[in-house]
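Visitor: The task is to assemble the complex, starting from two chains supplied on their own in separate frames and drawing on the hints.
Top line first, the protein sequences correspond to chains F and V. Per our numbering, residue 1 is the first one in the first sequence, and the count goes up by one each step. Per our numbering, residue 1 is the first one in the second sequence, and the count goes up by one each step.
Hints listed in this document are in silico derivations from the structure and should not be mistaken for laboratory results. You may find that some hints are simply not true.
Stated by the list, open to error - 30 Å max Cα-Cα, derived DSSO-like pairs, lysine-lysine: (1) F:Lys3 - V:Lys230; (2) V:Lys250 - V:Lys135; (3) F:Lys37 - V:Lys289; (4) V:Lys287 - V:Lys119; (5) F:Lys3 - V:Lys250; (6) V:Lys287 - F:Lys33; (7) F:Lys33 - V:Lys289; (8) F:Lys37 - V:Lys287; (9) V:Lys119 - V:Lys219; (10) V:Lys219 - F:Lys33; (11) V:Lys310 - F:Lys37; (12) V:Lys240 - F:Lys3.
The chain contents come next:
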Amino acid sequence: VLKLFFVYGLLILALFCYADYRGVSLTSYDEVKNLPKSIRNNPGSYRSMYQRYYHK
Amino acid sequence: MDGDRAGAINTALPDAPGTLKIRTLQCPGCGAPLSVRGLEQTQSLACGSCGSIIDITDENLRIITTFQSKIKYQPLIPLGTRGKLRGDAFEAIGYMRRQITVEGVDYEWSEYLLFNPYKGFRWLSEYNGHWSDIKVTTQIPKRQREGAFSYLGRTFLHFQTAEARVSYVLGEFYWLVEVGEICQVSDFVSPPFILSFEQTEAEATWSIGEYIEPAVIWKAFGLKSSVPPKVGIAPNQPSKLADLSGQIWKWWGIFLLVAFLVQMIFLLLSGNRLVFQDAFAFHLADKEKSRVTEIFELTGRPSNVVVRSKADVNNSWIYLNLALINEETGNAYDFGREISYYHGRDGGEAWSEGSPSDEAVLPSIPAGRYYLRIEPEAEVASLNYSVQIYRDVPSWTFFFLTLVGLSVFPIFYWWRRRTFEYYRWSESDHPMRSLSSYVSRSSEE
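Just chain V, with the same shape it has in the complex (with noise of 0.2 Å):
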């Protein structure tokens, strides 16, 4: 332990005042005092006053240029103010607010930039209450495929290209920096993280970002102003959504597999017994149409009785009132069938309606001494019929009805995290379709 804290750096910002070797200027076109925090590698300095921008490499402090704004931005950090952000100590000595034009709208955002002697330079940028730390890679990405590269194992896909161009500048920075620079920047996202590409006629840098909530920031630099909100959702915002999405796919898989397992366990092991069976036959002239079946005998538990019906109707039809008694009770359970099948031809085209045979199921029929009485209905002469009963016969009804059940959920985080995706892709140069767009175009065709 000991010899690892002798063998660490401390990256800590020297605290007093005296240690750290803040130079102190007066602006040349204003007189305004100003601080040089960046040590030998701050290049440029902007006066908060005037809006001068002077060279700081001069001895003279030539002015660069001088910009006018019409609103003076305050820095959310107040540029001087020192935090310990993820671990390193920082110093904010730099701030400037970007802009890009999409489509003729100004989407304008600040950026912080951060110092510390030993840990170099970083960002923060803040657009609409979003944050992300921002850093130079130490790697050239690797370009995929056309409009993805891939970095620590990541692959970032495009979001946006655009010219950015700097609106306000204020504090120190690196390089000379000048109001009206433009650069090409090119953003590809893989949330939390963010890949740049900016693009100078001078140089070309690959910067990465990491999403991070305004609240770590405020705690790290002791800001007492209020966290912005945020607002809209940020390229490279994580989803909450998509952990939990994730989770309850697995979930849904795992009581898939087990209501699978129950079908099939329930399918061994159900009886399907035909437990009585016999013939009929129906005469318009009979005065008593009504037939009462053989007492047959239900066992097991309470479970379902199918009826299964077949008729000799050729372009007629039959309609059978059925109940099934329990002798030993008088209960009966009441239910009504029509067996119907009409075929032909018309305009050379065959035909048919209906069908010769019928299914009715009655559930949960305790056990019990049965007998089924019919009554038939009918318009033709004569036909025959006939009647098998099947006890505890296996369904796949309920298993699909669990099925859909169980997706109810994913299918609604599914989309929900859908729509945070259509949310952020929104503002990149992919849109995603909106879901209404399918509906809306599927009812069109």
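Bound conformation, chain F alone (with noise of 0.2 Å):
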């Protein structure tokens, strides 16, 4: 068992320091990949996916 524990805190550590290394967060994003260089120029063209009307 504390063996089992031992690799187990091993691990724990490990994914803390990969976690903290990336800047690892539970907040999520959506990934949109290759959109159009003109949104520059016309920010209005680009909808977001979290377009919407949103108040509680």
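Guide: So, in structure tokens, the structure goes:
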């Protein structure tokens, strides 16, 4: 059991180091690939997938 | 070495029958042949055939008492069996059963009297498959406080006090034993040890017992029968989890310390750089409300990006559709945030809800040239809002998650250890409260 805890603890520490190093977060985003460069000139041409009327 | 051997006392039992003074006699009650192995120290002898207890110090072999037992118990260690227990040779010479009654329930256990002419007497007690090796203490234990005694550097806690009654005897004893003999017994435990204080009108005795695995006894006495299974938890049964739990907590502490040091290193080394900030105005009347920011550079390893936004919301809201777009690859990280802040007074009491600021964390964003596309939505005619973008911001989230993750094991083993102790003490005068009772009590409150 102690060995198992030792391995488990090391694994948790490794995950923690990785998460801290890569700036992992529990929040998420949606990744959209290959947007056209024209968005910079015409911001309204892109419709975010979060586009919505949102209010509590 | 030779000198040591010459000076050592040979405590082995004599092997040849002729060398040990075994006295044989006939039971005055039924005529059954009886043997006396305890030399001059035996005072009474219980006949297994007729239940007579004979005073063998009396030259006429007076029958002290005769008892009737519905059950003829067969000792698990047959009387006359010799064995080497913990380095000393002993012979089983007496067997008795004693019982206590607690809340109307009888609890009965067996005691085996062992004898070695050089070492004296020792007892083995057995209850529900749990065995203890018992001998009289060499010192009187010191009272520490109410319900606690110290002996040989250990603290023994009171377990149970009850009136023990002899219910069955077989073989020989160093006192004039009687079925029905009563004494007050108080047990104090410090696993694997148990201190027992036995008091009669005539005398008071302290004895110390140590939990012993039945397999050790079976091996010591060369018993061929199967080892009876253990039932429940004995008062002095050592918990295997006690050591394990301690070790686990020790490693938990080490892991936690390492995690804290790692966290400190990341806190010190993290960039926490402000890479962009700007303020914007929202006008409901504008045809095109979407904005794009200037291009900013995110450098270093893939790390987080924190977008902090503020808005002049006052009993209003604004929703920001945001996209962090890599100018070179065209990859966009889409997310949406609402900033709302409402406040007022209700029934004379001030209240507020929400906040005029917000923070969003985008994990593991690779280095590159980026800009932010902002598309606001709101119902007010106009309001101002601002955005700040930080790169490589330290976070405590994973440190606390690590703390939780590391604690799973020790908490589980603490719970298992506590459950063990709960069952141990459930048979005592001081039962522990169950964990579920805490839960039910807190839910009632």
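Visitor: Each hint needs a verdict: does it hold in this structure or not?
Guide: Checked hints:
Note on Lys3 (chain F) and Lys230 (chain V): the hinted pairing holds, with a Cα-Cα distance of about 28 Å set against a maximum of 30 Å. Taken as a hint, the Lys250 (chain V) and Lys135 (chain V) pair is broken in the structure, with Cα atoms around 36 Å apart against an allowance of 30 Å. With a C-alpha separation of about 19 Å, the suggested pairing of Lys37 (chain F) with Lys289 (chain V) holds against the 30 Å cut-off. Simply put, Lys287 (chain V) and Lys119 (chain V) have alpha-carbon atoms about 105 Å apart, too far for the 30 Å limit, and the pair is violated.
At roughly 13 Å between alpha-carbon atoms, Lys3 (chain F) and Lys250 (chain V) fall within 30 Å of each other, so this suggested pair holds. Straight-line distance between C-alpha atoms of Lys287 (chain V) and Lys33 (chain F) comes to about 27 Å, which keeps the hinted pair within the 30 Å bound. Only pairs whose Cα atoms come within 30 Å are accepted, and Lys33 (chain F) paired with Lys289 (chain V) is accepted, the gap being roughly 23 Å. Of the supplied pair hints, the one linking Lys37 (chain F) and Lys287 (chain V) holds, its CA atoms being roughly 22 Å apart against a limit of 30 Å.
Taking the CA atoms of Lys119 (chain V) and Lys219 (chain V), the gap is near 20 Å; set against the 30 Å cutoff, the hint holds. For the suggested pair Lys219 (chain V) and Lys33 (chain F), the alpha carbons sit about 74 Å apart, so the restraint of at most 30 Å is broken. Between Lys310 (chain V) and Lys37 (chain F) the CA atoms are separated by roughly 28 Å; this keeps the pair inside 30 Å, and the hint holds. The suggested pairing of Lys240 (chain V) with Lys3 (chain F) holds, with an alpha-carbon distance near 16 Å, which does not exceed 30 Å.
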